[in-house]
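Construct all of the structure, not just a fragment, from the sequences and the given hints.
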Amino acid sequence: MNYEAVIGLEVHVQLKTQSKLFCGCATEFGAEPNTRVCPVCLGYPGVLPVMNAEAVRKTILSGLMIGCKITQFSKWDRKNYFYPDMPKNYQVSQYDLPLCLGGAVQISGKKLGVTRIHLEEDVAKSFHFDTTSGVDFNRAGTPLMEIVSEPEMRSPEDAFAYLTALKEILITGGVSDCDMEKGQLRCDCNVSVRPVGQEKFGEKVEIKNMNSISGVKRALEYEIPRQIAALGRGEKIFQETRRWDDEAGKTSVMRTKEYAHDYRYFPEPDLMPVTVSDAMLAEIQKLLPELPEARRQRFIYQYGLPEYDAGVLVANAALAKFFEKAAGKNPKAVANWMMSVSDITTTPIQPTQIGELVTAIDAGQISGKQGKDVFAAMLTTGKSPAIIIQEKGLAQVSDTGALEAFCEQAIAGNPKSVADFKAGNKAAVNALVGQVMKLSKGKANPQLVGEILAKKLHSA
Amino acid sequence: MPEDTNRINIDHVAHLARLELTDAEKTKFAAQLKDMLAYVAKLSEVDVTGVEPTAHAVPLTNVLRPDESRPSIDPALVLKNAPESARGLIIMPKIVE
Numbered sequence: 001m002n003y004e005a006v007i008g009l010e011v012h013v014q015l016k017t018q019s020k021l022f023c024g025c026a027t028e029f030g031a032e033p034n035t036r037v038c039p040v041c042l043g044y045p046g047v048l049p050v051m052n053a054e055a056v057r058k059t060i061l062s063g064l065m066i067g068c069k070i071t072q073f074s075k076w077d078r079k080n081y082f083y084p085d086m087p088k089n090y091q092v093s094q095y096d097l098p099l100c101l102g103g104a105v106q107i108s109g110k111k112l113g114v115t116r117i118h119l120e121e122d123v124a125k126s127f128h129f130d131t132t133s134g135v136d137f138n139r140a141g142t143p144l145m146e147i148v149s150e151p152e153m154r155s156p157e158d159a160f161a162y163l164t165a166l167k168e169i170l171i172t173g174g175v176s177d178c179d180m181e182k183g184q185l186r187c188d189c190n191v192s193v194r195p196v197g198q199e200k201f202g203e204k205v206e207i208k209n210m211n212s213i214s215g216v217k218r219a220l221e222y223e224i225p226r227q228i229a230a231l232g233r234g235e236k237i238f239q240e241t242r243r244w245d246d247e248a249g250k251t252s253v254m255r256t257k258e259y260a261h262d263y264r265y266f267p268e269p270d271l272m273p274v275t276v277s278d279a280m281l282a283e284i285q286k287l288l289p290e291l292p293e294a295r296r297q298r299f300i301y302q303y304g305l306p307e308y309d310a311g312v313l314v315a316n317a318a319l320a321k322f323f324e325k326a327a328g329k330n331p332k333a334v335a336n337w338m339m340s341v342s343d344i345t346t347t348p349i350q351p352t353q354i355g356e357l358v359t360a361i362d363a364g365q366i367s368g369k370q371g372k373d374v375f376a377a378m379l380t381t382g383k384s385p386a387i388i389i390q391e392k393g394l395a396q397v398s399d400t401g402a403l404e405a406f407c408e409q410a411i412a413g414n415p416k417s418v419a420d421f422k423a424g425n426k427a428a429v430n431a432l433v434g435q436v437m438k439l440s441k442g443k444a445n446p447q448l449v450g451e452i453l454a455k456k457l458h459s460a
Numbered sequence: 001m002p003e004d005t006n007r008i009n010i011d012h013v014a015h016l017a018r019l020e021l022t023d024a025e026k027t028k029f030a031a032q033l034k035d036m037l038a039y040v041a042k043l044s045e046v047d048v049t050g051v052e053p054t055a056h057a058v059p060l061t062n063v064l065r066p067d068e069s070r071p072s073i074d075p076a077l078v079l080k081n082a083p084e085s086a087r088g089l090i091i092m093p094k095i096v097e
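Chains A and B supply the protein sequences, listed in that same order.
Going by the numbering used here, the final residue of the first sequence carries number 460, and the count climbs one at a time with no gaps.
Going by the numbering used here, the final residue of the second sequence carries number 97, and the count climbs one at a time with no gaps.
Honestly, the hints are just simulated from the structure, not real lab data.
For each residue, glycine too, the CB sits at the ideal point set by N, CA and C.
If a hint is listed, it holds; no wrong ones were tucked in.
Below, computed lysine-lysine pairings styled on DSSO-like, alpha-carbon distance capped at 30 Å:
{"no.": "1", "chain 1": "A", "residue 1": "Lys-79", "chain 2": "B", "residue 2": "Lys-80"}
{"no.": "2", "chain 1": "B", "residue 1": "Lys-28", "chain 2": "A", "residue 2": "Lys-79"}
{"no.": "3", "chain 1": "B", "residue 1": "Lys-80", "chain 2": "A", "residue 2": "Lys-125"}
{"no.": "4", "chain 1": "A", "residue 1": "Lys-182", "chain 2": "B", "residue 2": "Lys-80"}
{"no.": "5", "chain 1": "B", "residue 1": "Lys-80", "chain 2": "A", "residue 2": "Lys-88"}
{"no.": "6", "chain 1": "A", "residue 1": "Lys-88", "chain 2": "B", "residue 2": "Lys-28"}
{"no.": "7", "chain 1": "B", "residue 1": "Lys-94", "chain 2": "A", "residue 2": "Lys-208"}
{"no.": "8", "chain 1": "A", "residue 1": "Lys-443", "chain 2": "A", "residue 2": "Lys-332"}
{"no.": "9", "chain 1": "B", "residue 1": "Lys-34", "chain 2": "A", "residue 2": "Lys-79"}
{"no.": "10", "chain 1": "B", "residue 1": "Lys-94", "chain 2": "A", "residue 2": "Lys-250"}
{"no.": "11", "chain 1": "B", "residue 1": "Lys-94", "chain 2": "A", "residue 2": "Lys-88"}
{"no.": "12", "chain 1": "A", "residue 1": "Lys-88", "chain 2": "B", "residue 2": "Lys-26"}
{"no.": "13", "chain 1": "A", "residue 1": "Lys-182", "chain 2": "B", "residue 2": "Lys-94"}
{"no.": "14", "chain 1": "A", "residue 1": "Lys-79", "chain 2": "B", "residue 2": "Lys-26"}
{"no.": "15", "chain 1": "B", "residue 1": "Lys-42", "chain 2": "A", "residue 2": "Lys-79"}
{"no.": "16", "chain 1": "A", "residue 1": "Lys-88", "chain 2": "B", "residue 2": "Lys-34"}
Here are the simulated distance ranges between beta carbons:
{"no.": "17", "chain 1": "B", "residue 1": "Ala-76", "chain 2": "A", "residue 2": "Ser-252", "range": "39 to 47 Å"}
{"no.": "18", "chain 1": "B", "residue 1": "Asn-9", "chain 2": "A", "residue 2": "Gly-30", "range": "42 to 50 Å"}
{"no.": "19", "chain 1": "B", "residue 1": "Asn-9", "chain 2": "A", "residue 2": "Gly-249", "range": "39 to 47 Å"}
{"no.": "20", "chain 1": "B", "residue 1": "Asn-9", "chain 2": "A", "residue 2": "Ala-230", "range": "27 to 35 Å"}
{"no.": "21", "chain 1": "A", "residue 1": "Gly-30", "chain 2": "B", "residue 2": "Thr-27", "range": "48 to 56 Å"}
{"no.": "22", "chain 1": "A", "residue 1": "Gly-215", "chain 2": "B", "residue 2": "Arg-65", "range": "34 to 42 Å"}
{"no.": "23", "chain 1": "B", "residue 1": "Pro-59", "chain 2": "A", "residue 2": "Tyr-44", "range": "26 to 34 Å"}
{"no.": "24", "chain 1": "B", "residue 1": "Glu-68", "chain 2": "A", "residue 2": "His-12", "range": "20 to 28 Å"}
{"no.": "25", "chain 1": "A", "residue 1": "Glu-157", "chain 2": "B", "residue 2": "Ala-76", "range": "46 to 54 Å"}
{"no.": "26", "chain 1": "B", "residue 1": "Leu-19", "chain 2": "A", "residue 2": "Glu-150", "range": "32 to 40 Å"}
{"no.": "27", "chain 1": "B", "residue 1": "Gly-88", "chain 2": "A", "residue 2": "Asp-270", "range": "22 to 30 Å"}
{"no.": "28", "chain 1": "B", "residue 1": "Leu-19", "chain 2": "A", "residue 2": "Gly-249", "range": "34 to 42 Å"}
{"no.": "29", "chain 1": "A", "residue 1": "Lys-321", "chain 2": "B", "residue 2": "Val-40", "range": "53 to 61 Å"}
Structure follows, in structure tokens:
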């Protein structure tokens, strides 16, 4: 029997704000444990949480970027559970009236639906030792956006493309840095399989603990065949939570915290609902950036770049921004150089310098091969190409007076090549060009040398 | 888990709250909870036909603050309330996942 996979993703994204969702504690990553906490985020009784306006705006902006309907009236709810990562014994989340509904993420060839986006608070980070666990509440209360997809993905590649596109959009909008190593983007996966043609979904399994987008793809590449093989053996799939082990390359059943998920949601009495007025929506609409897909099309149209180049540049927001400043008169050549840079943000290079390098090569001042050395030096030193060319003594000699002297010397010293050329062997000129290059210690502009030699040999 | 006023699944409720109760406590608290629910159940006697569901008694919305960070409290003070701490972390019996 042929099976197909049905995949849905729950993506948690930390919003880029200065302060936490309900208090003024700073959100920066990497602070000493329990130094960015206060009575509000530690869940002390009697405190008064007040919602961070920027977190609401960034959630709405995210919704607008992927075409969600922004709900006019939104409220927060308590999700009750007992676990040491949440000192209040409830997480403030949104149950039935999230800020954003619907929407879709465009991947090549199709749109993948989004169910909802809601705004909640992140929980504390726990560390596990031999016999104890330790909790750091710095992360507790950080604004966290949960983006729930429709179960419309059918392959690990779909999930990979969805996450990549979503991350690009969120970074472009300045909503989050989406650094998975810092836990700013986390993803849980719901996956089931069903016989092709069957309408009803199979029993779903939730996978946790994927630390990268490619990790999500690998986890699905393991889990889908596992489920199909189990069904093939006549086994049943049970609804369970599995943990992905990237090193071992497999998923295994997680011991569940709790059998029945009974969160007993109820409205958060300490937080007032949010109504999104037309004026507020108009203000946020002004912040809408050019989205990656639109930017790719513009790069192709405006700069005449091949689709591949446009894709590589746009996939990295910093690179795309840098390119637009650097493009100059020969955007394709500038793009070629830039696509070889691994991280533009860590080099001291200036956008105009790439144009200068391209001009130096186009004008024949240096060869393309020498250009590579110059570019490597530019990336590490931040010096202009002109200075590097001078320091390295790379400049090609294009001074016709000097070149003519070299050419005459070469002609005088190689009568055989001259005779061969005159007898009709046009390739014999290459030996003379080689001589000139040698005499000039490799600095002669070979194209000019060829032209001068041809002229001299014809007139001789 | 639906809990009606007539029969409270005390084991379930205790499990959700991570409480270990003795049989005597179970009987005692089940009776108390039943009384509380019966009291609150009086609300269902009110005819709410045509009344919009409401999350808050106070007709206020958009109570928001600007995104500005403020100094947090002294970490020593934070850990003072923890039964045990090490390297700035609050230490507890091992959490089982």
